[in-house]
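Chemist: Take these sequences, add in the hints, and give me the full structure.
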Amino acid sequence: MPTELSRREFSWVLGGPQGGGINASAEIYAKALTRGGLHVFANIEFHSNIMGKHSYYRVTAAPIPVRSHVDDIHMLVALDQESLFGDAAERKHYPSHTGHVHQVAPGGSIIYDADLKIDPAQFGRDDINLYPIPFFEVLEEALKQVGKGGQSRKYIVMRNTVALGASIGISGYDEELMFEAIRNEFKGRKAEAAEMNVEAVRAAAAYARSHFSVRPERRLAPVPVEQRKNRMLIKGFQAVGIAKLRAGLGLQTYYPISPATDESVYLEAKGPQYQCTVVQCEDEIASINMAIGAAHMGVRAATSTAGPGFALMSEGFGFAAITEAPGPVVFLWQRGGPSTGLPTRTEQADLQFALHPAHGDFPHIVVAPGDIEESFSDSFESFNWADRYQMPVVVLLEKFLASSLFSSEPIDMSKLKIDRGQIYQPADADGDGYRRHAITADGVSPRTLPGMPGGIFSTTSDEHDPEGHITEGVENRIAMMRKRMAKLQTAAREIPATSKFTLHGPRQADLTLVAWGATKGAILDAMSELEADGRSVNFLQIRLMRPFPSDAVAAILRGAPLTVLIENNYSAQLGALISEQTGVVLDHHVLKYDGRPFSRNEIVEGVRAALSEQRKEVMVSHA
Amino acid sequence: MPETAAAAAPKKFSLQQYKTEVHVDWCPGCGDFGILSSIQQALFQLQIPPYKIAMISGIGCSGKTAHYVDTYGLHTLHGRALPVATGAKLANNQLTVVAVGGDGDGYGIGAGYFLNSGRRNLDMTYIVFNNGVYGLTKGQASPTLAKGLKTKSMPEASIQEGINPIAVALGAGYTWIGRGYALDVKSLVSLIVQAINHKGTSFLDVFQTCPVYNDLRTKEWYAGEDIGRTRIRRLEADPTWNPVVSDPLSIDEIVEKKTRALHASYETGDNLAVGVFYSIELPTYDDQLATKMPALKEHPLVDLPLYQRDVQPLFDELA
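Chains as they are written, first to last, in my numbering: chain A, 1 to 623; chain B, 1001 to 1319.
Hints were generated in silico from the structure; no laboratory data involved. As the structure is a computational prediction, the values presented were derived from the model and not from experiment. We put the beta carbon where it would ideally sit given N, CA and C, even for glycine. Some hints could be false.
Claimed, not checked - No more than 27 Å apart at the CA atoms, straight line, and that leaves these computed lysine-lysine pairs for DSS-like:
id: 1; chain 1: A; residue 1: K154; chain 2: A; residue 2: K92
id: 2; chain 1: B; residue 1: K1292; chain 2: B; residue 2: K1011
id: 3; chain 1: A; residue 1: K117; chain 2: A; residue 2: K92
id: 4; chain 1: B; residue 1: K1292; chain 2: B; residue 2: K1258
id: 5; chain 1: B; residue 1: K1297; chain 2: A; residue 2: K187
id: 6; chain 1: A; residue 1: K190; chain 2: A; residue 2: K144
id: 7; chain 1: A; residue 1: K270; chain 2: B; residue 2: K1292
id: 8; chain 1: B; residue 1: K1297; chain 2: A; residue 2: K270
id: 9; chain 1: A; residue 1: K154; chain 2: A; residue 2: K190
To be verified - Some chain B residues well away from chain A (every beta-carbon gap over 12 Å; in silico):
id: 10; residue: P1010
id: 11; residue: A1088
id: 12; residue: K1147
id: 13; residue: M1154
id: 14; residue: V1185
id: 15; residue: Y1222
id: 16; residue: R1234
id: 17; residue: P1248
id: 18; residue: S1250
Modeler: Structure, rendered in structure tokens:
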């Protein structure tokens, strides 16, 4: 049954070869829609390749909130043949995809380069509209208008803009908003390029209007001017980067790795104006240890990585924990594993890894935000937790969140306050009697800032006494283990419930969905569709993985008559954690481990299949 | 600062203030005692306030040094002293940061950091206790043990070459490279003082005896009791020896000085060169950061007002 969202949304896909500028074009398109007051969610899929392989950008827009994509494409814009039909022609064995034609919804449209000279019969569809546009001819026409006739080869990348113009012309969107978006993108020295691109949009839209009389049913219109809100378009890595600067990040270390690098490079670009030092290290072992060194000196320090890099950080993680360093905060951007796995694809398969990052028993915090706002607040609070509880923190993120684009209203930062934890004030400059690892009731020993007279301390990766010197004594060992682990209880007590989990929807429902991380958007958007099946639905989203909110989660789940776990991994890792922490075994699992994010349809159909067929486990993959 | 002038000045901090009361658990006769004493004496000579020093050590017998010097001390992981020291210096550029570790620590498990710290040239000092064996795990061959040698706890002689740390340091880009001998404390103190005074990353390899596990490179062997003269050759005894690059822009001079240093580093057998091999003044990583972020010239990162920054301009860029 169609919902308001499924009736009103518009799903647009731009496909083409990697390195061909599709990102920039799709983001201009997304900006034009946002400026027209539409809610926008956009996600990109690309290969681990610099140039030539197939990539596509999907922009989903609606006049009401949208946080997910659907399987259906309402308008497909193909810059090459592969975007239409896949790569089976070149790769006889195991083609990597079958193109996007089959995903176009009945009544939908395909815009493609007329120069590809494709026989319409090849599409095998009589229920869609085909719009072959001679990209070069239109580009040439546009260039003539700005006095650059005969140069279409030089400006070949602008055929993307022609494709945008054709999209606007056919879908009936406001050209002026696209011009604004282009001029906003090409400012200052690039102003000349702005006018060339504006002209390309104008020419392409005009061509489309004059050559094709059939218009698709589904139209894309801006919301009325008085209802338009000022929204930004932000990606997960930007939200995290900005939050870290807000939180007082002094040192970011990293080793290049997909999909974590974007965040570090963003901080490298923005850091100097905020006096934030970013160091590209020789490997992830150096990254975490540099951050630990800085944290011990009193600077807020972080490192960003993905699974393979986090594997190298294991040793350093335990070192931070036993020396009670105030950090670092490790930002773990998950990609498809194991090993090198799927470097540019998404997955949620590092939860159990993040929970068990090193040998031995030690305290640490793991938090997994699910959207832009949570990415911002969790990133910010992580530094408070690192300082307050003197332990490393993992912020568990996903490639899907890193690279997806969300239209977002201003982030409310008013509740986010800095808390640096307990700093020891020496009574005298000699500092006699200061114990860096003093045994305390809550486990937290006030720290000093090196450089401070009277604050001298020693600490070590060996088991140590309260003064930080090596000892293997039995009583001390027991006291130190208890002291360090007590901090976890302190954290569990002090971290507010709002940071731990959210129960979306009614307190009691016929069906309870359970999930974590960036599946949040697709699940929230799918709930109304599932409710249409006649069941009330709520959604328990877990954010704090350690210390785990066991009692609250157990209470909710024990009262839930029917539960379905949804995870972007093979082994239902949150399900295992919930069972371990609460004894509750969830009724059904909907899992996806093809390296792609859940579409809204995959959530809906996966849940329906699990319930109607009474299956414990359902794997979905509509890609 | 010249050693003699420093020694004459009135002392604010006593030598005792650089020593902790922690029990030193090295074996009797260990070369580490000489290095520890030299570090304490050098810091005392330099009169650096103990609370302005961070001693960062790796794992192994040498790693315990951080516990015995009464400064801020981080006894880290095997091979990771340099990255931790780098982070500490980046956080607080007003600290004197001294990293110490063994030869297995620095040239084996930490080899990547040994190389890359040379590239970076932060203003800090790295001292390696080089005894040719892994002592704490009972005497396996370390990366510096020469091919064909078999210490008493090795079942068989080594069939790998020993690395030449001075040569590696020259290639890695260290801007001050020296070597000392643990049992010649007077010279070692002077070398450590020079290393700490050097602006940039100074690297000091120290020949150290392990009386328990290295029965080949003993005190007697270094003293040359078998050949009737010491095996230690002091570079500065050669009147033509000048390791300092006078014109850091002159590639010719750099190559000439590095070549001579390399040559000296390959002297083996009965002549083991100690002293300053190479020295050049180049912009430090700290200087370059301060160029990008001028506030770092006045204050260390840890003291800058970084919190609740105004990030609105970053949001505006996305609107």
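Chemist: Does each hint fit the structure? Answer for all of them.
Modeler: Going down the list of hints, with the structure as the test:
Between K154 (chain A) and K92 (chain A), the direct Cα distance comes to roughly 34 Å. Violation of the 27 Å bound is thereby established for this hinted pair. Simply put, K1292 (chain B) and K1011 (chain B) have alpha-carbon atoms about 37 Å apart, too far for the 27 Å limit, and the pair is violated. At most 27 Å may separate the alpha-carbon atoms for a hinted pair to count; K117 (chain A) and K92 (chain A) meet this at roughly 23 Å. Proximity of K1292 (chain B) to K1258 (chain B) is assessed by CA-CA distance (about 31 Å); at most 27 Å being required, the pair is judged violated.
Taking the CA atoms of K1297 (chain B) and K187 (chain A), the gap is near 34 Å; set against the 27 Å cutoff, the hint is violated. Restraint check for K190 (chain A) and K144 (chain A): satisfied, since their Cα atoms lie roughly 19 Å apart, inside the 27 Å limit. For a cut-off of 27 Å, the pair hint linking K270 (chain A) to K1292 (chain B) stands: about 12 Å separates their Cα positions. This hinted pair checks out: K1297 (chain B) and K270 (chain A) have alpha carbons roughly 20 Å apart, not beyond 27 Å.
A distance of roughly 16 Å separates the Cα atoms of K154 (chain A) and K190 (chain A); the hinted pair therefore holds under the 27 Å criterion. Under the 12 Å C-beta cut-off, the non-interface status given to P1010 (chain B) relative to chain A holds; the minimum distance is some 18 Å. At roughly 4 Å from the closest C-beta of chain A, the C-beta of A1088 (chain B) falls inside 12 Å, breaking its exclusion from the interface. Listed as a non-interface residue, K1147 (chain B) keeps its Cβ farther than 12 Å from every Cβ of chain A; the least gap is roughly 28 Å.
Every C-beta of chain A lies more than 12 Å from that of M1154 (chain B), the closest at about 27 Å, which supports listing it as non-interface. Residue-level check passed: V1185 (chain B) sits 24 Å from the nearest beta carbon of chain A, beyond 12 Å. The claim that Y1222 (chain B) lies off the interface holds: its Cβ sits roughly 30 Å from the closest Cβ of chain A, which is beyond the 12 Å cut-off. Under the 12 Å C-beta cut-off, the non-interface status given to R1234 (chain B) relative to chain A holds; the minimum distance is some 34 Å.
At roughly 24 Å from the closest C-beta of chain A, the C-beta of P1248 (chain B) stays outside 12 Å, upholding its exclusion from the interface. Non-interface status of S1250 (chain B) relative to chain A is upheld: no Cβ of that chain comes within 12 Å, the nearest being about 29 Å off.
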